[in-house]
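Residue-level listing of the chains:
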Amino acid sequence: MQIDQSLNNALINSFYINHNVWLHKWLLKKLGSSFDAADLTQDTFISLLTKNRHEPIHEPRAYLTRIAHDLMVNHLRRRDLERAYNATLCDPYLIEYPSPEIRAIALESLIAIDKMLSALPPKVRSAYLLMQLDGLKHKEIAEQLNISVKTVGVYIAKAVLHCLSYELSIEA
Amino acid sequence: MSAKPNESLIAASRWFSLLSSEEAKPEDFAAWQRWKDNSDENRLAWQRVEDLGMRLASLPPNIHAETFAQVTSPNRRHILKQMAVLLGVGTCTLLMVERKPWQEILADQTTATGDMRALKLPDGSQIFINTASAINIDFTSKQRSIKLIKGEILIHTAQELTNGYRPFSVTTKHGTATALGTKFNVRMFDYHSKASVYEGAVRINPADKNQDSITIQAGQSAIFDENTYTPVEQETSSAWAKGLLVVYSMPLNEFVAELSRYRNGLIRCEPSVSQLLVSGSFYTNDTDAVLARLPDILPVKIQSRTRYWVTISPA
Chain A
1 MQIDQSLNNA LINSFYINHN VWLHKWLLKK LGSSFDAADL TQDTFISLLT KNRHEPIHEP
61 RAYLTRIAHD LMVNHLRRRD LERAYNATLC DPYLIEYPSP EIRAIALESL IAIDKMLSAL
121 PPKVRSAYLL MQLDGLKHKE IAEQLNISVK TVGVYIAKAV LHCLSYELSI EA
Chain B
1001 MSAKPNESLI AASRWFSLLS SEEAKPEDFA AWQRWKDNSD ENRLAWQRVE DLGMRLASLP
1061 PNIHAETFAQ VTSPNRRHIL KQMAVLLGVG TCTLLMVERK PWQEILADQT TATGDMRALK
1121 LPDGSQIFIN TASAINIDFT SKQRSIKLIK GEILIHTAQE LTNGYRPFSV TTKHGTATAL
1181 GTKFNVRMFD YHSKASVYEG AVRINPADKN QDSITIQAGQ SAIFDENTYT PVEQETSSAW
1241 AKGLLVVYSM PLNEFVAELS RYRNGLIRCE PSVSQLLVSG SFYTNDTDAV LARLPDILPV
1301 KIQSRTRYWV TISPA
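Chains A and B, in that order, give the protein sequences. Quick note on our numbering: the first sequence kicks off at 1 and runs consecutively. Quick note on our numbering: the second sequence kicks off at 1001 and runs consecutively.
In isolation and in its complexed conformation, chain A is listed as follows (with noise of 0.2 Å):
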């Protein structure tokens, strides 16, 4: 076990010297950004460290670049999620300003949400959002959808049983 560890470890360090820098500007080139490249490099080294596999990388680059990818686009998203919330707290009739943990566990909830809904088509997650987060009848939503009303209650039941679903999935 020690002996597979350090192997493996020993594998990893001539990984990262002969990958890191071309993966840093494969990175940049596709966020703009060298710090948040660079965040993400590391991610993606760490990524291969927690994974402990043991057979051998055969198309390292390809290897690599599709953990970078699916971290990169959860990056993204993070973000995108970061300042559609923080839009909403720059509304000028808002009273109260929420406290920085408040926003923390705001936006964390917001994430676990938003991954949950992701694999729904957006008419069916709109449909239950707007049922859910805005209160609207069904018959509003059918009309802000342009879908049937009928359609309505499927697209909410199937939203629904998809989330629990999920649920269920990640409590397994």
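Hints in this document: simulated from the structure, not taken from any laboratory. Just so we're clear, the structure is a prediction, and the values are computed from it rather than from any experiment. It cannot be assumed that every hint is accurate.
Claimed, not checked - Sample of chain A residues facing chain B (criterion: CB under 8 Å; computed from the structure):
1) 130
2) 137
3) 161
What the hints assert, rightly or not - Residues of chain B clear of chain A, computed beta-carbon distances all greater than 10 Å:
4) 1023
5) 1138
6) 1147
7) 1227
8) 1251
9) 1274
Glycine is no exception: its CB is placed at the ideal position from the N, C-alpha and C atoms.
Fit chain B to the supplied structure of chain A, relying on the hints for placement.
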């Protein structure tokens, strides 16, 4: 990869969809109750549906479906990007300071059932938006206009000293109530709107421009639709802005209708008790407690097998 849903979960999702619809009938609630009592799996599945609703309800009140849409839609994303460039990070306060008071503002505000919001407008006016309401705020250099799309708002107008006088008005589909300095309430019903004045006076113009206007004074109310208006002496209580429902000798069925505004689901009042009179002050943020208190003041009993379906019947 999602776990394979069992039959109870599929049924629970469908029940939720049906019961959340405005077309859900009492029979549907009864059928749902039977389904739920049928097995532990069904009960458990329904519990999960309720927990999911709680989880989404715990998001900040200003998070709407649109917040998620902003993330997915490329257009929105572009706009947000531009905004971020213009504002930099954390300049929300700066934005407020630099915003000129006469600048045209178009804003939408909605509240969910049971929600209430207090807002301060750029001119210093204070507004309270009651449960299940929607408004658009439209301030220009010439006017301070609020469009009430549904629900109820209470307004305490600010005196404008620096910018000259701009009329402050609330418009519903039935007509416009213009403040002549002051504190007033506008509520929209399906077929009419009602304005009540607490301080100063308000002028009402029915939506039909050929109709004359009427001015109502503090302590008075008026009911109006597109064509007509009727002054009424009794004013609507503004206690809702403090989270209170204050009623005096109100028939139980009307009281139940008022209470229902703050609550999801159905409250049914049996005909034999519907004309009992209710007086008192009740907190609207805990409608369960209000219902639980009713048997103390009236000869009724409350059967609430579920949070969504409550029956009031003779004791």
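A quick look at each hint next to the structure:
A distance limit of 8 Å between C-beta atoms decides the matter here; for residue 130 of chain A the minimum to chain B is near 5 Å, and the interface restraint holds. At its closest, the beta carbon of residue 137 of chain A sits 5 Å from a beta carbon of chain B; the interface hint therefore holds under the 8 Å criterion. Hint status for residue 161 of chain A relative to chain B: holds, with the closest Cβ pair at about 4 Å, below 8 Å. Against the 10 Å criterion, residue 1023 of chain B falls within the reach of chain A, whose nearest CB is about 7 Å from its own CB.
Against the 10 Å criterion, residue 1138 of chain B stays outside the reach of chain A, whose nearest CB is about 13 Å from its own CB. The claim that residue 1147 of chain B is not at the interface with chain A holds, since no C-beta of that chain comes within 10 Å of its own (minimum 15 Å). In this structure residue 1227 of chain B is separated from chain A by more than 10 Å, as the shortest Cβ-Cβ distance comes to about 26 Å. Interface exclusion of residue 1251 of chain B from chain A stands, the closest Cβ pair being 26 Å apart, more than 10 Å.
Distance check on residue 1274 of chain B: its Cβ is at least 25 Å (rounded) from any Cβ of chain A, clearing the 10 Å threshold; non-interface status holds.
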